[in-house]
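The lines below spell out each chain.
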Amino acid sequence: GNSVTQMEGPVTLSEEAFLTINCTYTATGYPSLFWYVQYPGEGLQLLLKATKADDKGSNKGFEATYRKETTSFHLEKGSVQVSDSAVYFCALSRMASGSRLTFGEGTQLTVNP
Amino acid sequence: DAGITQSPRHKVTETGTPVTLRCHQTENHRYMYWYRQDPGHGLRLIHYSYGVKDTDKGEVSDGYSVSRSKTEDFLLTLESATSSQTSVYFCAIRAGAGPTSYEQYFGPGTRLTVT
Chain A
15 GNSVTQMEGP
25 VTLSEEAFLT
35 INCTYTATGY
45 PSLFWYVQYP
55 GEGLQLLLKA
65 TKADDKGSNK
75 GFEATYRKET
85 TSFHLEKGSV
95 QVSDSAVYFC
105 ALSRMASGSR
115 LTFGEGTQLT
125 VNP
Chain B
1144 DAGITQSPRH
1154 KVTETGTPVT
1164 LRCHQTENHR
1174 YMYWYRQDPG
1184 HGLRLIHYSY
1194 GVKDTDKGEV
1204 SDGYSVSRSK
1214 TEDFLLTLES
1224 ATSSQTSVYF
1234 CAIRAGAGPT
1244 SYEQYFGPGT
1254 RLTVT
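Residue numbers (the numbering used here), protein chains in the order written: chain A, 15 to 127; chain B, 1144 to 1258.
If we strip away everything but chain B, and leave its shape as in the complex, we get (with noise of 0.2 Å):
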């Protein structure tokens, strides 16, 4: 257990409205990411964040904003909500600070649906 929690678990929103999704880590990770998952795509990357204010774009990053004001907590906000969004979004950390220490452990999902 990597310590990460996610909220809300579920949430059903309209189109247009803006969300915000919430990670929590209590184990002072440096990085944290943002994955969503769709079925015949696996899991893809959101953004991510390499440290307090520090944050870069993934393959799908379009629609998606993140922030990241202290080390435990990494918000992702979708700014206007379309039905494109509809997925299941996971968190993760990346445990370890060696050169190859490269494991990433996740939290239990957001499931959200946008109608």
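In isolation and in its complexed conformation, chain A is listed as follows (with noise of 0.2 Å):
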């Protein structure tokens, strides 16, 4: 079956430091790939995507690179800020069994001043 893996948390960063949450997937097929958002009492917002092998989803400063070679999905951003603070969720979603998200567990972000 389909899976999702994160690299454990939680992640604490000083701010304008690199950031890196590294996610790999296993799927049958050719999935698209997601990077969610929680911010403390909120629901998911999508961060970007990728449907397609080799294409990088980007929004907000953050990127992400859909490498089906290596079954992976690795969020960065360059310079974090105290307002990333959140809790960030890889998913993988394939056209059958109606498109459902498939989650990795979550990892806590924390940046500090």
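Mixed in with the good hints there might be a few duds.
Derived lysine to aspartate or glutamate pairs resembling DMTMM-like cross-links, with alpha carbons at most 25 Å apart [unchecked claim]:
1. A:K74 x A:E29
2. B:K1154 x A:E56
3. B:K1154 x B:E1202
4. B:K1200 x A:E29
5. B:K1196 x B:E1222
6. A:K91 x A:E29
Everything labelled a hint here was simulated from the structure, so no lab data went into it. What you are looking at is a predicted structure, and each value in this text was computed from that prediction instead of being measured.
Assembly of the complex is requested from the two constituent chains, each provided in isolation within its own frame, with the hints serving as guidance.
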């Protein structure tokens, strides 16, 4: 079956540090890949997506590249801010099975000033 | 904003009682989903719907039922609530109709506590 593995958290960084959150997946076929972000007390917001191999998704300074050869979709940001503190979820979806999302466990990021 | 609301936003109920959570959308999306969020598990799919009266099970469907009698509303029912169903419940819709439009947008969530 499909599965997503994220690096374990929590992750604590200082403001302006470089961020990487690792995500690898197992899936048949060609899934679409997503990063969602959840701020405290809120629902999930779509951060970025990629639908085919070598696609790069980007938004708000965050980037992730769909690497089929390594089955990975690592999230990166060059300079984090305190406002980036949140939980980040990697997820995949395939058109089969109703396009359901399969999530990783989530990574808590805390950015200190 | 995908026009998704959930009600109630918070609920405390006793073991053995039935509970219904409502998801309402305003943009006529065909696909709707119910997920639960628990620490250490991310989000897991309970049920989803691909049209009025068309539903299917997800990975954690035991103890839950759903109904969709009109496009805008997707109801999740806990037939006899148990403490293991204490969780945060999120509704989502799938945006877009193309073959690669798989992204989902989420409601604000319902925090359910079963005592």
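Okay, the hints, checked on the actual structure:
1. A:K74 x A:E29: holds, 16 Å
2. B:K1154 x A:E56: Holds. B:K1154 to A:E56 sits at ~16 Å (cutoff 25 Å).
3. B:K1154 x B:E1202: OK: B:K1154 and B:E1202 at ~24 Å, within 25 Å.
4. B:K1200 x A:E29: Given pair B:K1200, A:E29 is violated - Cα atoms ~43 Å apart, limit 25 Å.
5. B:K1196 x B:E1222: holds, 19 Å
6. A:K91 x A:E29: holds, 12 Å
Of the numbered hints stated above, the single one contradicted by the structure is hint 4.
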